[in-house]
Structure formats: structure tokens, C-alpha cells
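**Q** Using the hints, position chain B against chain A.
For the protein sequence lines, the chains are A and B, in the order given.
According to my numbering, the first sequence is numbered sequentially starting from 1.
According to my numbering, the second sequence is numbered sequentially starting from 1001.
If you're looking for bench data, these hints aren't it; they were derived computationally from the structure.
The reader is advised that the hints may include incorrect statements.
Restraint ranges, calculated between C-beta atoms of paired labels, are given here [stated by the list, open to error]: (1) A:L21 to B:R1266: 43 to 51 Å; (2) A:P154 to B:T1241: 40 to 48 Å; (3) A:R118 to B:M1308: 40 to 48 Å; (4) A:L184 to B:P1191: 54 to 62 Å; (5) A:L21 to B:K1355: 47 to 55 Å; (6) A:L184 to B:R1198: 55 to 63 Å.
To be clear about the criterion: a stretch of chain B counts as covered by chain A if any three or more of its residues have a C-beta under 8 Å from a C-beta of chain A, and this derived list gives those stretches [as the list claims (entries may be wrong)]: (7) 1032-1038; (8) 1043-1055.
Cβ atoms here follow ideal geometry from the backbone N, Cα and C, with glycine treated the same way.
The lines below spell out each chain.
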Amino acid sequence: MNNPPENDQLSIAKYLRQDRLPHIWCAACGIGPALNCFLRAIDKSGLNPDKMSVVSGIGCSGRVAGYVKLDSFHTTHGRAIPFATGLRLANPELKAVVFSGDGDLVAIGGNHLIHAARRNIDMTVICINNFNYGMTGGQVGPTAPYDVRTSTTPYGNFESAFNLPLLLFASGASYIARWTVVHLHQLENTIVEALLKPGFSFVEVISPCPAVYGRMNKEPDGLDSLKNYVKRSIIKNGADPRETEITQNGPIVVGKFVDIIRPTLQENLAKVAAKAKKPSTK
Amino acid sequence: MPKVLMDGNSAIGEAAIRAGCQCYFGYPITPQNELIEYMATHLSRRKGCVFVQAESELAAINMVYGASVVGARAMTSSSSPGISLKQEGISYLAACELPAVIVNMSRGGPGLGSIAAAQSDYFQATRGGGHGDYRTIVLAPSSVQELADLTIRAFDLADKYKIPVIILGDGVLGQMMEPVEFKQEAPAVLPVREGSLRGAKGRPSKIIKTFTSNPAELEEINWSLFRRYGLIKKQETTFETFMIDDAKLVVVAFGIAARIAKGAIRNVRAEGLKVGLLRPITLWPFPDEAVKEVVKNVNHFLVFEMNMGQMLEDVQLSLEGKGEVSFYGRPGGVIPTPSEVSRVISRLYYQKGLK
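Chain A on its own, in the form it takes in the complex (with noise of 0.2 Å):
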């Protein structure tokens, strides 16, 4: 295998355990440009990567943490976030990304996504939506827009899509943004964006899954999903989130749509402790 120049200042290759490559994932799949944004997000940031870990937990997205050159984390299916939870408040000088993929993060872990944006814990997460199980066959999504065909809903999906940034806002995160794969510069912006953000950052990303989800739904190559991207989406920062509701064949709203300060829970941890230590006035 070639190694890219060691010099090349925008080169990702010093952050891949290239040891592991190649990678599993499908051609035209979204993951990779979606990895390719955050890596070079890092260096953009002029965070310190050797104080920033990424954890992931199961599925396609999942095997991030296995291919990134930084102290990385894969985990429990689902509980990606309550790890990083205990990671980041451990060591507090880690920056922690969580990044993930829409079961893992919303479906089995839609509990611990919405507690940590509740409790607005400074950690990043990024969330590769693509509607779909793609790892164990194209099973359907809890972001699977209603009637869409997947492996377990061979009929029409019969169930209710979650719109993600209406979910995390009413959550409490600081910052949501959502972009596609085709968003590519302002993917990696908002990456920055989201790492140099105090509090809970959640950065949606939808994205192809040629092989599974886009074969039962008219998008056999991953080139027709990104040309059916460019057609349906609106940039509209600051859109409110009720209006990003993903559907079969809706628009896709993308852009930075919550961007507040909130204390973040290390924040009031420490308040609290300061409080605990004063002498009783009783």
C-alpha cells in the first residue's frame, strides 16, 4: 500500500492506523467522506489530538474507532455515549467524540443521546443517518422515513421516522447541525464548529448505504443517492427543527440549526462542588 506524503499539511493519513485499512465499508457508502470531514476537522480545530478520543459503538459507523490513530473506544452496542459519559468525566482533559450511527446512537441508545444532551455534557457527536441496520442487512432505521422499503419492512415501513434535530433540541443540546455527504465543506466547518462548542455538539450526517438500503429504495448506486441529495436538499441555517422532518421524498433541510450557551454539566458539577464545600450555615 502507498502511504500518502508525511508532509502533506492537509494530509488525514497520520490519523489512520492505516495498519487496518482497507476498510469494510461499501463503495459510494458515506461513511468514509463523513470520516474524512472530521479528520480533517481536528487539525482545522488545532485541538490537541493526543487529548481527544473517539468512541463508537456497533454497526458500519461503529468501526471508526477501529481505523482512528487516536486513543479510541469501541463499544457496547447502544452505549457509545454513557462511555464516553464516564471517559470524559474521569478525565477531564479528554475531548470526547462519540461517533456513530443512527441505530447504535437513536435506537438502542436513544435513551443515553437524549440524557446527554439533557444534562449538556461538553462532548461531540456525530451521527451517521442512513436509515438503515447496514451491517447486519438493511434492517429499518429509527430514522427510516415512513413507507420505505428496508429488509424488515419488505411491505413499506408502517412506522414513524425520529426527526433528529427536533429530538436533540428538545433534549437540551447546544449545538445541532445536520449535513449530507455531499456537504463536504461545510460538513468539515461544522465539525470544527462542533468540537471548539462547550456542551453536547450533535452533527447529523446523512448518507448513502448503496448496498442495502439504497438497492431496496431506487438508489442502487451510491452516485444516485449523493444526485438525489444535491436535488432535495435547502440549506436553511437556523431552520427551526420541527421543519427538518426527513420523508421518503421531501425535501432534506441541512445546515446549523441550534447554536446556544447553556452551562454544560462539568460546568455545573463544579458548582456544585464549590457549593457542598462551604461551611454550613445551620
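**A** The following block gives chain B in isolation, referenced to the frame of chain A:
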């Protein structure tokens, strides 16, 4: 009915439908995805039947819990790490004396392990698995036909004894395709268990609960559970013997390992070694009487499992110090070939001076 070629996971799905399964709740995990997909395609279009993909294994087992409370035949399936998540629900089902069928297409562990076939969930399955003093019936098929037959039996046993029943398969059984024959048609009317929660019209209202503040009362509940477990042991213990009549050495193996052992035994029989097989089909209740019967004529046992020696303990307990037990185990999802196992058998056979 003619035989059809099916993978093990799909065969369980078809058998469950024919057993009158009304509700299936599952969650994706390899190597049992064909089962959840079979139910999504075939159960969901049957009148009165329901397929839902749950948001987690915990949700799925509790949906089964709810469906069982109202008297429906309900099933869920998963693989080892997912079965660990279901243990809370299984404990509650056992406490409430509710039937349910839980399929474990087990894989290598601990942790996330691998997706290859393993038998390392024996302890978890046969010792209850969750918290508290309870057991579940554990059925261990070793072919696709047996997966189908035991699925139907699992629903019947669950209803008869009001107990969760575990079908303990593995990645190989779930994925491999074999001809299978379904011996019964799906019922025209879905069975509903009597005495379930379906509204209190014409009878005093009931409450399904597992909390008892009075320890004496809870003790009585535990006694009653174990009286029933005694009955199950007496009436439902099943096993298979193979070439055992003149055997000087008996291999004890279950599930896919027993299938491998059979091939190995045929190999060594061709070389004139007198070796037989005892295959427990119910892992709980364990066929300890069968082991006690075998040791009357045979002194040497080889327990072969795809783990580090779990059923081994049940064999040793059954033998009560009699006979000599050796063990061959392959953990982590490694599947030995019949010729590897036959080498182990013949080495042991000569070492023990049996020839």
C-alpha cells in the same frame, strides 16, 4: 408435505408461524437476521399476527412479556450479546409464570466476541441467566429439521408449563441450509391462553406482578416454581444416543458439536474403535439419568463442546464421581472438523488402553 430447502433461521420462523405464534418482536444482530426478516415478510401478512422491529433487545423481550400476559403466543430472537440484554425480561417472565419462546443463535464471546458459531452461552441458558432462583427449558437442536420441530415443541412446552423456553442454536445452525419438512399447518384460529389478562368482565380483576413484600410468600412462590421444574425434569427430559450399545468410550456433545462428533465417531468406527455419542436435546432439564445409565457399562467419557467446558460440569455432576471424564473444547467461534475431533477421540482411546 414435501421437503423445502431452508436456512435454520427461516425454518424457525416458518415453524413458529405453524405453531400459532401471534407476535414476534426482534432486533437486528448477526447471525439471526434471517429470522427477523422472515417474520417481517411472512408473519406480518397473517391475519391477527404482528411483527415489530423493536428499538432494542430490552424492548423486544418486554413486548413479548406484554403479549404473553394477554395470552398470545409470542417469540423473540437474538444472539449472545443481545440475549444478555434480554435476561431481565426473562427473569420477570419466569417470576410471573408466563410462557415465551426465546431463540439464541449464539456466537463467540465474551463481550461482542465474534459472529461465528459458539456454545459459550450454556451456563447462561441452563442456570436461569438473569437474577433470581429460576430455570428456563433449554432446547438444543443439531439440524435444521430439528430447529423446526423443536420450535413447535418450544411453544407447546412454554404454554403447558407456563415457562420461558430457550432454543439454543448457534451461528452455523442459523445460517446453514438443509431440507426441512413442516409436519403441521398453521392453526386457522390463533391460540389464546386461558386465564390471561383480557379484561375483567365476569370475573374478579387480576394483577400480574413480581414484587412480594412478604418473604414467606415469596418463598412459597419459589417452592411452587421448583415443584413445577421437578415435574418438567420428570416428563420432558430428552436426549439421543448414537452407536452406544457396544461403546467403550462415549462422547457427550450437544447442538452443532454433536453433529461434528457424529462424523468423528463414524471415522473412528471405521478404524474399529468402539465409540458412541450421548446428545442431550434438553440442556435444562439435563438428562442426568441417561448419563447414570451409560456409566453402568462405559467407564470413559469425552465431553466435547465449542466452549471451555460448561456442560462438562453437568456431566461430572451426573456421574457423581463414577467413570473418567476428559474434555475437548474449542472456544471463540472456532469450529473443529470431524477429522480433528476423531484424532482427539482416537488418541484418548489408545491412551486409556481401550484397544
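**Q** Each of the hints needs a verdict: does it hold here or not?
**A** Hints and how they fare:
1. At about 45 Å, the CB distance of A:L21 to B:R1266 agrees with the hint of 43 to 51 Å.
2. Remark: the range hint 40 to 48 Å for A:P154 to B:T1241 is upheld by a beta-carbon distance near 43 Å.
3. Here the CB-CB span from A:R118 to B:M1308 is close to 43 Å, well matched to the stated 40 to 48 Å.
4. Hint check: A:L184 to B:P1191, Cβ distance near 56 Å, so the stated range 54 to 62 Å holds.
5. For A:L21 and B:K1355, the Cβ-Cβ distance of about 53 Å falls inside the hinted range of 47 to 55 Å, so the restraint holds.
6. Between A:L184 and B:R1198 the CB atoms are about 57 Å apart, so this pair conforms to the stated range of 55 to 63 Å.
7. Coverage of the stretch 1032-1038 of chain B by chain A holds. Counting CB-CB distances below 8 Å, 3 residues qualify, and the rule asks for three or more.
8. Only residues whose beta carbon comes within less than 8 Å of a beta carbon in chain A count, and the stretch 1043-1055 of chain B has 5; three or more means the coverage holds.
Every hint from the earlier list agrees with this structure, and none is contradicted.
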